[in-house]
Amino acid sequence: MTLHRWMPQPVSRGWPDDLVDGTEAGAKAVHDLVQRALALRAGAAPRQAHGKRVAAIFLNPSLRTRTSLCAACHALGVHASVLNPGTDMWRMEMGEGVVMDGDAAEHVRDAVGVLAQMHDVIAIRAFATLNDRKADLADKTLTAFRGASAVPVVNLESALYHPMQGFADVATWQHHLGPDLRGKRLTLTWAPHPKALPAAVANQVLISAAQQGMEVTVAHPEGFDLEPSIMGRAKGLASHAGGAVRVTHNQKEGLAGAQVVVAKSWSGVSGYSDRTEEATRRAAAADWCVDDTAMAHTADAGFMHCLPVRRNVVATDSVMDGPNSWVQETAGLRLWTAMAFFERLLAS
Amino acid sequence: MTLHRWMPQPVSRGWPDDLVDGTEAGAKAVHDLVQRALALRAGAAPRQAHGKRVAAIFLNPSLRTRTSLCAACHALGVHASVLNPGTDMWRMEMGEGVVMDGDAAEHVRDAVGVLAQMHDVIAIRAFATLNDRKADLADKTLTAFRGASAVPVVNLESALYHPMQGFADVATWQHHLGPDLRGKRLTLTWAPHPKALPAAVANQVLISAAQQGMEVTVAHPEGFDLEPSIMGRAKGLASHAGGAVRVTHNQKEGLAGAQVVVAKSWSGVSGYSDRTEEATRRAAAADWCVDDTAMAHTADAGFMHCLPVRRNVVATDSVMDGPNSWVQETAGLRLWTAMAFFERLLAS
Amino acid sequence: MTLHRWMPQPVSRGWPDDLVDGTEAGAKAVHDLVQRALALRAGAAPRQAHGKRVAAIFLNPSLRTRTSLCAACHALGVHASVLNPGTDMWRMEMGEGVVMDGDAAEHVRDAVGVLAQMHDVIAIRAFATLNDRKADLADKTLTAFRGASAVPVVNLESALYHPMQGFADVATWQHHLGPDLRGKRLTLTWAPHPKALPAAVANQVLISAAQQGMEVTVAHPEGFDLEPSIMGRAKGLASHAGGAVRVTHNQKEGLAGAQVVVAKSWSGVSGYSDRTEEATRRAAAADWCVDDTAMAHTADAGFMHCLPVRRNVVATDSVMDGPNSWVQETAGLRLWTAMAFFERLLAS
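Chain order of the listed sequences is S, Y and X. With this note's numbering applied, the first sequence corresponds to residues 4 to 351, in that order. With this note's numbering applied, the second sequence corresponds to residues 4 to 351, in that order. With this note's numbering applied, the third sequence corresponds to residues 4 to 351, in that order.
Hints listed in this document are in silico derivations from the structure and should not be mistaken for laboratory results. Hints are not guaranteed to be accurate.
Because identical chains share one entry, a pair is satisfied inside a single copy or across any pair of copies.
Stated by the list, open to error - Below 20 Å or equal to it, Euclidean Cα-Cα: the simulated SDA-like pairs (lysine to any residue) are:
id	residue 1	residue 2
1	31	279
2	137	103
3	255	98
4	137	327
5	238	101
6	198	103
7	255	93
8	55	77
9	55	80
10	255	230
11	55	132
12	198	105
Bear in mind that the values here come from a model prediction, so they are computed numbers and not experimental data.
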């Protein structure tokens with residue numbers, strides 16, 4: 004959120020500035036939000052925010068985020084407008100000072116400015132490009148939206164983070180492992196995939212777990228490093244909260260003793276320099292698929308994946324549908340954590 | 004609706020299990036639902052179901068079904084989320100045990116599982132493939148949804164049936180012919196069309212009319228047989244209710260004495276084996292277009308078509324817009340029957 | 004709105020017949036509507052119209068119109084169904100008496116008839132073709148909708164007019180120049196653009212300003228004449244209200260003394276006969292881009308554009324973001340004028 008001269012003053016709000024990665028308000032705020040989500044799931048009545056309006060722009064597909072946002076807003080009496088640029092509306096120019104004689108019909112500054120005139124919150128999904136590391140590290144589209152909006156901007160998965168997923172993850176951990184997550188052992192394991200994927204969800208798991216003081220192990224094959232700056236942030240958050248972050252290139256070792264396993268594919272930093280080579284490395288690591296044998300190394304861990312998942316590539320049917328799968332529960336918690344977040348943002 | 008171990012228990016509901024073809028609850032339930040729809044149209048206030056949520060997934064285009072579902076839900080205070088896979092969300096894999104290294108990013112089990120976590124009902128439109136008879140006869144996509152959902156599944160037109168259309172048809176018949184439809188004479192006539200079409204609407208007319216005990220005549224050119232198993236079901240339902248089902252390949256004879264004419268094109272069983280031959284037969288039957296001369300054979304029958312209709316191919320403008328056309332009225336009843344159905348399902 | 008025999012009687016309504024260009028109800032009605040919009044913006048509570056339903060069909064992209072309509076309806080308790088033909092629903096045939104054996108699956112008469120059965124208002128966006136002047140002058144799609152609808156039709160930008168934009172424009176003028184606009188000096192200036200554009204917004208500015216009795220100057224390069232019949236209408240409206248309409252081909256002269264500048268590109272009448280020649284003329288007039296030098300000729304005028312705008316082609320960043328830009332305010336007023344309009348139409 005940036006206030007230019009031509010922007011109106013924003014409404015007061017229950018979350019500090021924009022929602023970028025979910026850590027903005029501190030560990031305690033996430034803890035409280037998650038407890039509220041669990042209470043809403045148990046039947047507590049959501050506070051109403053009639054007359055408030057949310058605009059949600061999806062530059063990429065969405066099932067869970069789209070439906071949970073819309074249903075959560077409806078439960079609060081809030082109007083949600085969903086927009087799909089390229090079909091519903093015009094393509095946007097993100098650059099400053101551009102002579103707009105090309106394909107993009109509208110500048111992000113104008114489109115977002117208008118949405119901010121009509122809505123109390125702007126929510127935006129904009130995945131990583133995977134070909135421009137600098138743009139992805141700067142979270143270019145989310146940053147452009149934040150710069151153009153006079154009202155809070157909510158990240159519905161950017162190049163770098165997916166905080167709404169993070170809230171549902173923390174809710175799942177607290178539900179199964181107790182409200183104090185300090186010292187609980189979580190393993191984030193890389194997984195195979197037919198396509199190169201962004202690391203936003205992996206980054207989010209990392210910092211969400213670190214902020215809650217968990218003992219985090221990141222397991223991935225060599226060459227699939229997450230961004231060093233984000234690893235550094237996670238280590239700082241963990242250290243502050245009494246936890247730790249470590250990395251291993253051995254999946255079996257990484258899973259040993261875990262209480263929670265989160266599986267996710269990502270293409271990593273070196274993928275930017277050579278996509279062909281990354282695809283070769285990725286194909287060679289097909290045995291990182293999470294199966295019952297892999298899960299047997301854990302301390303009877305719960306298994307998580309943000310979905311959508313490639314079954315029998317990322318994880319086997321038996322793990323996905325097994326007694327330790329928390330996958331569907333986390334997805335269900337997307338609704339209740341979204342409701343708790345927008346209640347806090349708009350009903351306060 | 005199938006309950007796997009990992010599924011939550013469903014909410015109680017006012018319709019037995021899923022809505023597949025509309026006959027599940029018996030002839031009396033349809034009769035009562037239709038009378039309620041007519042009362043709602045006359046101004047009765049719908050019972051409210053605040054806090055309930057419906058997810059509607061359209062794998063094919065929709066005008067009437069989409070708008071009537073959304074408007075009906077709004078009138079009940081129910082939230083409806085409309086999803087268009089392929090644009091809004093990811094393509095789904097329907098097969099069990101598949102190694103998902105192809106195009107489909109998400110398994111129907113996971114997508115539907117998630118939707119069932121967040122919604123009280125899942126509604127799905129999935130037309131026939133017209134190239135795989137076995138898959139169409141098994142109603143593959145609807146069946147996959149039912150197998151994956153812990154909440155009731157509502158059919159918004161599948162390969163085989165279109166029960167929401169069926170309710171509006173019965174409402175139209177009851178409005179014009181009286182609440183007791185036993186012995187009333189309905190003719191379902193095949194009609195020409197530039198494209199091969201599924202038989203879901205034709206099947207639905209057949210079983211809806213049969214269940215209400217009507218005297219049903221199916222008129223179609225040779226080679227356009229409906230599925231024998233569905234013809235058998237219709238005959239059983241008619242026999243149980245005191246009606247009958249007969250077939251003729253002579254349109255004039257089929258229309259004689261009819262009190263209701265329903266026109267619809269379908270490609271029929273033999274179309275699966277040879278599309279080119281089917282197109283030739285179809286083109287040769289262009290004189291099955293329903294015009295004033297054809298309607299003159301009836302007992303001053305009302306004319307119906309589910310829409311969309313190819314004017315002057317399926318039926319002439321003069322029939323579509325003539326004094327005996329019930330086409331628009333049936334379309335309008337889509338709203339009130341949808342409202343009555345979801346009221347029964349969610350407000351009870 | 005046309006009542007055929009087979010159509011139900013429409014509901015009573017607070018606006019005369021359809022909304023085509025916004026002048027239907029007279030200058031006083033627009034004045035009152037705009038004052039109500041400014042009151043709603045200042046915090047007045049909108050009157051409720053629970054149970055009413057609006058169908059909005061977008062044949063072209065939309066950001067402001069789409070979101071303002073949906074948010075305005077939500078604020079009134081009205082249900083809005085948004086449809087995108089070609090993706091959500093079937094392609095429509097507009098011609099009368101056509102044998103529909105081509106691509107279009109549904110006739111506008113049937114589709115609109117159905118929507119009118121289920122909704123209290125039908126809103127439609129259908130831009131000019133730019134290749135068939137006769138069709139555009141007849142406002143073919145809007146006219147087909149009006150002919151097929153038994154309920155009021157609301158123009159969300161047609162080939163000729165954009166009345167919802169017009170209301171927001173008048174609201175902006177009244178807010179800045181006072182409620183009595185007679186004699187206020189407005190300049191509508193043509194602007195460069197990489198593509199040939201319809202003149203609907205330009206026409207709308209012209210007649211909205213003329214009806215309020217403003218002194219209107221239209222400045223455009225030679226060869227970019229607006230439709231003579233619309234110029235004639237504007238002159239008649241202005242004359243009736245005590246204002247005037249004049250044309251100049253010199254931008255500097257046109258801007259001199261203006262209190263409001265509205266910039267817009269359009270391809271004009273002669274573009275229909277030769278698109279290549281029009282593109283050449285358009286490219287040659289790149290210096291009509293509105294910059295600070297151009298604005299310096301005005302009487303410290305406010306600058307307006309309906310958006311989306313090509314920055315640094317139509318107008319420079321410094322004008323768009325400068326202290327005299329009313330662009331964002333007008334966009335924001337789209338919400339409040341839409342709310343005032345639908346309140347008047349549905350809550351009365």
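So, going through the hints one by one against the coordinates:
no.: 1; hint: 31 with 279; result: neither (43 Å within a copy, 64 Å between copies)
no.: 2; hint: 137 with 103; result: neither (23 Å within a copy, 32 Å between copies)
no.: 3; hint: 255 with 98; result: neither (45 Å within a copy, 30 Å between copies)
no.: 4; hint: 137 with 327; result: neither (39 Å within a copy, 36 Å between copies)
no.: 5; hint: 238 with 101; result: neither (39 Å within a copy, 38 Å between copies)
no.: 6; hint: 198 with 103; result: between (33 Å within a copy, 11 Å between copies)
no.: 7; hint: 255 with 93; result: neither (48 Å within a copy, 31 Å between copies)
no.: 8; hint: 55 with 77; result: both (11 Å within a copy, 10 Å between copies)
no.: 9; hint: 55 with 80; result: both (8 Å within a copy, 13 Å between copies)
no.: 10; hint: 255 with 230; result: neither (23 Å within a copy, 54 Å between copies)
no.: 11; hint: 55 with 132; result: neither (33 Å within a copy, 38 Å between copies)
no.: 12; hint: 198 with 105; result: between (30 Å within a copy, 10 Å between copies)
The structure fails to meet hints 1, 2, 3, 4, 5, 7, 10 and 11 from the earlier list, while all remaining hints are met.
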